[in-house]
Amino acid sequence: GAVVSQHPSRVICKSGTSVKIECRSLDFQATTMFWYRQFPKQSLMLMATSNEGSKATYEQGVEKDKFLINHASLTLSTLTVTSAHPEDSSFYICSARVGFYSTDTQYFGPGTRLTVL
Amino acid sequence: AQKITQTQPGMFVQEKEAVTLDCTYDTSDQSYGLFWYKQPSSGEMIFLIYQGSYDEQNATEGRYSLNFQKARKSANLVISASQLGDSAMYFCAMREIKNTGNQFYFGTGTSLTVIP
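In order, the protein sequence lines correspond to chains A and R. The C-terminal position of the first sequence is numbered 146 in the working numbering, with every residue numbered one higher than the one before it. The C-terminal position of the second sequence is numbered 1380 in the working numbering, with every residue numbered one higher than the one before it.
For the record, the hints were derived by calculation from the structure and aren't laboratory data. Treat the hints with care, since some could be wrong.
What the hints assert, rightly or not - Computed footprint of chain R on chain A, listed as stretches where at least three residues anywhere in the stretch have a Cβ under 8 Å from a Cβ of chain R:
id	segment
1	73 to 85
2	103 to 110
3	120 to 130
What the hints assert, rightly or not - Far from chain A by the CB rule (all over 12 Å, computed), these chain R residues:
id	residue
4	Ile1268
5	Glu1281
6	Thr1288
7	Ser1306
8	Gly1307
9	Arg1327
10	Lys1334
11	Gln1347
12	Met1353
13	Arg1359
14	Thr1372
15	Thr1374
16	Ser1375
Just so it is clear, the structure is predicted and the values come from calculations on it, not from any experiment. Backbone N, C-alpha and C define an ideal beta-carbon position, used for all residues, glycine too.
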């Protein structure tokens, strides 16, 4: 079956540094990729939606200059947390969808745990 | 092998009726967690319900209940008294707790349509 990978699975960084998280669809081309951030009580907050070759659409309240999303190809999207601070520590999950419709099949990555010291 | 399997790509239910969305999982861990999320067309993921592997009683949250059958490794979501607003994608997920941190696995989702 389709697989979405995330790299790294865990990252610890110092405050003020930038961290890049990769999301790859391994055996299919993803038209759309989503980035989520997990908050306490299991909720997953949608950060942004990106379509290949176009700028990401950020959700309200998400700083686009802080969370840089690039969807350069149909198999790769990256999330860069710039000038990370301890409050950015969280679990970040990406997902990849084959088509543009909400009912199209969507595959999730295993997540990346970011800890900012 | 798939960690989470949702065999129903699409489901239809009459308004006010109950519906069951299937989910089976595969793990050799003793401690794990099972989740259900609702995803409207906006893409957000709304947490619905959680079941821990050691919880003896089935989880319930309002109109949502989780039919947890550990021996069969199934965690079906039951939505009672369906409403038009329940139309959405529904994802089943499992969290395994590893030494390296939590690992999440999601199913491919079930598209639920509530018919008036």
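To see whether the hints hold, each was checked on the structure:
1. Counting residues of the segment 73 to 85 of chain A whose CB lies closer than 8 Å to any CB of chain R gives 4, which reaches the minimum of 3, so the coverage claim holds.
2. Using a Cβ-Cβ cut-off of 8 Å, 0 residues of the segment 103 to 110 of chain A lie near chain R, which falls short of the minimum of three, so the contact claim is violated.
3. With 3 residues having a beta carbon nearer than 8 Å to a beta carbon of chain R, the segment 120 to 130 of chain A meets the requirement of three or more and the stated coverage holds.
4. For isoleucine 1268 of chain R, the requirement that its beta carbon stay farther than 12 Å from each beta carbon of chain A is not met, with the minimum near 9 Å.
5. Here glutamate 1281 of chain R stays apart from chain A, with its beta-carbon at least about 21 Å from theirs, past the 12 Å limit.
6. A cut-off of 12 Å between C-beta atoms confirms that threonine 1288 of chain R is not in contact with chain A; the least separation is 14 Å.
7. For serine 1306 of chain R, the requirement that its beta carbon stay farther than 12 Å from each beta carbon of chain A is not met, with the minimum near 7 Å.
8. For glycine 1307 of chain R, the non-interface assignment is contradicted: its Cβ lies about 5 Å from the closest Cβ of chain A, within the 12 Å cut-off.
9. Taking the minimum C-beta to C-beta distance to chain A, about 18 Å, the non-interface status of arginine 1327 of chain R holds against the 12 Å cut.
10. Taking the minimum C-beta to C-beta distance to chain A, about 20 Å, the non-interface status of lysine 1334 of chain R holds against the 12 Å cut.
11. Listed as outside the interface, glutamine 1347 of chain R is consistent with that label: its C-beta sits roughly 18 Å from the nearest C-beta of chain A, beyond the 12 Å cut-off.
12. The beta carbon of methionine 1353 of chain R is not kept farther than 12 Å from every beta carbon of chain A, the shortest such distance being approximately 6 Å.
13. A Cβ of chain A approaches the Cβ of arginine 1359 of chain R within 12 Å, the least distance being about 9 Å, so the stated non-interface status is violated.
14. A cut-off of 12 Å between C-beta atoms contradicts the statement that threonine 1372 of chain R is not in contact with chain A; the least separation is 5 Å.
15. Threonine 1374 of chain R, annotated as away from the interface, has a beta carbon of chain A within 12 Å; the closest lies near 10 Å.
16. Not every Cβ of chain A is farther than 12 Å from the Cβ of serine 1375 of chain R; the closest lies at roughly 4 Å, contradicting the non-interface assignment.
Against the hints set out earlier in the document, violations occur for numbers 2, 4, 7, 8, 12, 13, 14, 15 and 16.
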